[in-house]
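For the sequence shown, full-length UniProt numbering begins at 1 and goes up steadily by one.
Be a bit skeptical, because a hint or two may be false.
[What the hints assert, rightly or not] Subject to a maximum C-alpha distance of 25 Å in a straight line, what follows is the list of computed DMTMM-like cross-link-like pairs (lysine to aspartate or glutamate):
| no. | residue 1 | residue 2 |
| --- | --- | --- |
| 1 | Lys545 | Asp485 |
| 2 | Lys212 | Glu167 |
| 3 | Lys116 | Asp103 |
| 4 | Lys212 | Glu191 |
| 5 | Lys212 | Asp228 |
| 6 | Lys116 | Glu87 |
| 7 | Lys116 | Asp170 |
| 8 | Lys116 | Glu52 |
| 9 | Lys116 | Asp50 |
| 10 | Lys116 | Glu147 |
| 11 | Lys116 | Glu191 |
| 12 | Lys116 | Asp101 |
| 13 | Lys545 | Glu568 |
No wet-lab data here; the hints were simulated from the structure.
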Amino acid sequence: MNPLPSTAVSLDADSFLGEWQARNHDASIRHCVENLESSGVLHNFRRVADGEAGNYRGMWFADTDLYKTLEAIGWESGRVGAVVEGEFLNTALGLIERAQDADGYINTHIQGDETKTRWLNLVWSHELYTAGHLFQAAVALVRGAGENRLLEVARRFATRIIEDLGEQADGYDGHAEIETAFVELYRLTGEHAYLDFACKQIERRGQGLLPKDNLGTEYFGDHALIRDVQDATGHAVRQVYFATGATDVYLENGERDYLDAVTRIWESAYSEKTYVTGGQGSRHTGEAFGDPFELPPDRAYAETCAGIASFQWNWRMLLATGDSRHAAEMETVLYNTIAASVSLDGCHFFYTNPLQMRTGHRGENDGDPTERLSWFMCACCPPNLARLVASLQNYVATTDASGSLQIHHLFASTIRSESSAGITELAITTNLPWDGHVELAITGAGVREIAVRIPAWAHSATATLDGAALLVGEDGYVHVIRIGDAAQLLVLELRVEPSIVHAHPRIDSVRGTVALRRGPLVYCIESADYEPGLILEDVRLDVSKGLSEVGTDAPGVRVAIAGNGRIEFPDTELYRESTRPGTEPHDITVTAIPYFAWGNRGAGAMRVWIPTI
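Construct all of the structure, not just a fragment, from the sequences and the given hints.
This is the structure:
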């Protein structure tokens, strides 16, 4: 399958995702721009470009904060109604152009410091990782804004990288990312040397040539060659970015061993190592995947960047295979882990996304907070989130070699797709994720097949085309054969109702508990919905008495879930005297809100997996 051009789809401004995208433009991107100055990122570029006094500031890969913000601006530039941050864009591009060395190299952590040498410490320097984000920003600015200045910088740097590292066996980065970036640069320019270098990066990793580190070779993905890798392991973002790059290379050169390898990694990650919210990475040590079914909710790392990587990787797996399960994983992680990572004001963020925040929790650092923060010392997540949300329209639909059109995500949007048969336009009208009624108005000439995915979470689904019933295919899609130019109306009725989710029985940490889900949204209970002084860990849900939909004053939430429950705790004198003196067990109404909305009413306790009576 092939993506549509970035300008072919526009999200409806008043829809769930359209409002998020507008908030991303109005608040999140501008918040990133402001923090690029206060955090020292722009100072680092001025220090190299203009000889500004002062030392380098921030993490050694802080250049990527600027590149990811520029990528967000690039995608935003192609969005209908978006206002480009023109003055900032021109200033930033000028800084980058002046900071680039005459031979093409650019990395402000290495430049201007005589104690540092290029490519000397690839296991930790992030030089290629940082270059990758530069390349992706350049691609986005061309595709979204028609702006070529950063592309010229990127191509000069790409040439430098290939000349310096093209034949160097240990010339691969400790943090994967350059692989997919070089493929994107190849797709934009047609320069085959870029694809060749991406392939070399995939082939080299796993030789164990990176300098040894106490985190071990699995942390860097350097423990097994691509054809020998068996499971998802190590640093979650590094692992998934590597798999994303390998999938990209497969899409261009058809190397079947690559597809087989990433499929093994995918099966391991999504059958044994992914949270119900789509989050990945169960270990704070190493920000890493754990053992199979090692998924503790209160110690979930589930980094925001890992969720974004998961979304991007599943998109490429969808392009490679057409398997609807990849679209389903994109949907889960987007509406839950990724959506929860940013506040409803667009200016506060989670680095990690736990599935439980205990009463009295004390955050130890940026990666273990009690509530969302406005910025981080390691600020990889906010601009990463900004670039993804700015580009959401790119993930709605695809075409294939036959000219067929596939709609993978029922985002309220307008789609314009050209083929040899002519131009097809679709207008998707829906209030998802709150309401399961979906209308797809189809116009345009020619003979064409249109496939529309029916989400697996729908308890039941019906589809009618101009009133005539259609069946859902075994591939999970409804197929429409369009002949002529008459307007058609495809109507989907997806049954959206609260349901109980049971965990895999091998997940020891959540035995005796259940999660709640409604449509694509996972729900949680939050202390803000309960009487002051209630200990959320004492709440029990009676699953035998059913669930109902109720209203709520929780911001950003249209539908809450209610059930019958009880406050219960150990009947011991020690417990009573130290924690809850004089309190007796009693019945309560258990109220749950979507996981994405938690933490917008102040710090407090939260949990996804609820103990049962």
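Each hint tested on the structure:
no.: 1; hint: Lys545 <-> Asp485; verdict: violated, 52 Å
no.: 2; hint: Lys212 <-> Glu167; verdict: holds, 22 Å
no.: 3; hint: Lys116 <-> Asp103; verdict: holds, 17 Å
no.: 4; hint: Lys212 <-> Glu191; verdict: violated, 34 Å
no.: 5; hint: Lys212 <-> Asp228; verdict: holds, 20 Å
no.: 6; hint: Lys116 <-> Glu87; verdict: violated, 33 Å
no.: 7; hint: Lys116 <-> Asp170; verdict: holds, 19 Å
no.: 8; hint: Lys116 <-> Glu52; verdict: holds, 19 Å
no.: 9; hint: Lys116 <-> Asp50; verdict: holds, 19 Å
no.: 10; hint: Lys116 <-> Glu147; verdict: violated, 33 Å
no.: 11; hint: Lys116 <-> Glu191; verdict: violated, 31 Å
no.: 12; hint: Lys116 <-> Asp101; verdict: holds, 15 Å
no.: 13; hint: Lys545 <-> Glu568; verdict: holds, 17 Å
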